[in-house]
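Each chain is listed here by its residues.
Protein chains: 2
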Amino acid sequence: MEESSKMEKKERLIVVAVDESKESMYALSWCISNLISDTTTTNRLVLLYVKPPPAIYSSFDSAGYIFSSDVLVAMENYGRELATSVMERAEAICRKFNVNNIKMERMVGNGDAKNVICGVVQKLKADTLVMGSHGYGFFKRAILGSVSDYCSKHAKCPVVIVKHP
Amino acid sequence: MEESSKMEKKERLIVVAVDESKESMYALSWCISNLISDTTTTNRLVLLYVKPPPAIYSSFDSAGYIFSSDVLVAMENYGRELATSVMERAEAICRKFNVNNIKMERMVGNGDAKNVICGVVQKLKADTLVMGSHGYGFFKRAILGSVSDYCSKHAKCPVVIVKHP
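Chains A and B, in that order, are what the protein sequence lines are. With full-length UniProt numbering applied, the first sequence covers 1 to 165. With full-length UniProt numbering applied, the second sequence covers 1 to 165.
Please note that a few of the clues may not be correct.
Unchecked claim - If you anchor each label on the Cβ, the simulated ranges turn out as follows:
1) R44(A) with L72(B): 35 to 45 Å
2) R44(B) with T42(A): 25 to 35 Å
3) D38(A) with E105(B): 38 to 48 Å
4) E88(A) with V99(B): 29 to 39 Å
5) E88(A) with N98(B): 51 to 61 Å
Unchecked claim - Here are the simulated PhoX-like cross-link-like pairs (lysine-lysine), alpha carbons at most 25 Å apart as the crow flies:
6) K103(B) with K123(B)
7) K123(B) with K96(B)
8) K10(A) with K163(A)
9) K96(B) with K163(A)
10) K123(B) with K153(B)
11) K10(A) with K125(B)
12) K96(B) with K153(A)
13) K123(B) with K156(A)
14) K22(B) with K10(B)
15) K153(A) with K156(B)
16) K163(A) with K153(B)
17) K96(A) with K163(A)
It is worth saying that the hints were derived from the structure and are not from the lab. Virtual Cβ for every residue (Gly too), placed ideally from N, Cα, C.
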């Protein structure tokens, strides 16, 4: 069949957008449990974390004060540590499933999450994008609009939107 | 692990929303190819087709004419035939994959697609909802708003939005 043959692949590339939210970790668990474990396909699993652009956590705080450069440096360090911590949490989840058909990769992007995620999906020619529905993140990136809404419309592959039950 | 144990199930219930669109048939293929084939899990696969409510294809045509009851009856018959034809196409796709861990069921709903789909997902306690991104349907139900947008926000389970490539 035309559709089925087009989908048969030896290796699948799955991008999971991870952030600090419990929901994104749940999305990762869903992905491994439903798309990866119990299959014989090899999966390249890209854990994608997008650091918010400096503009979001620089210049002004909520009260309108301009941050000093010290604060900006501290925040940037914090952002880097956060990325590492998110990745470590994500990798720990993968390990707990104890599946051996995953080749895991970390990828950290910078900028507007929705554009970065769609860009990565397109560049890597991903087969599937998995993400949480909300993504409350560092300095509430949620206020900038729903990342999952945008990605489900614009990403060039099937998108799985997972909500934390 | 908490998340993984919660997801371990002997049988999964997957709802695939099908309509007349090529995209929804592609979504079904994606579902079988990525969620079902090559796994040992048993899957209850509900093919859900929603007939538009009579209000959409009755009363007025695009030029503002009121339809006679003959036309309404003819349209209702057409809607029924369409449902059957969509289901047969969908089942043919399933058969072509030649997987034996599917228990297939047909379900035909009536009404506003987005509400019916979310209602069925909740009532059946579905594990996953799979649907096309657009769903151009009978009398362009798309003009009433994106069904997939609504479902990805409101359905009480992970939602896979599949776009035809």
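Going through the hints against the structure:
| no. | hint | in the structure |
| --- | --- | --- |
| 1 | R44(A) with L72(B): 35 to 45 Å | 54 Å, violated |
| 2 | R44(B) with T42(A): 25 to 35 Å | 28 Å, holds |
| 3 | D38(A) with E105(B): 38 to 48 Å | 22 Å, violated |
| 4 | E88(A) with V99(B): 29 to 39 Å | 37 Å, holds |
| 5 | E88(A) with N98(B): 51 to 61 Å | 42 Å, violated |
| 6 | K103(B) with K123(B) | 18 Å, holds |
| 7 | K123(B) with K96(B) | 29 Å, violated |
| 8 | K10(A) with K163(A) | 29 Å, violated |
| 9 | K96(B) with K163(A) | 32 Å, violated |
| 10 | K123(B) with K153(B) | 17 Å, holds |
| 11 | K10(A) with K125(B) | 32 Å, violated |
| 12 | K96(B) with K153(A) | 29 Å, violated |
| 13 | K123(B) with K156(A) | 31 Å, violated |
| 14 | K22(B) with K10(B) | 31 Å, violated |
| 15 | K153(A) with K156(B) | 20 Å, holds |
| 16 | K163(A) with K153(B) | 9 Å, holds |
| 17 | K96(A) with K163(A) | 21 Å, holds |
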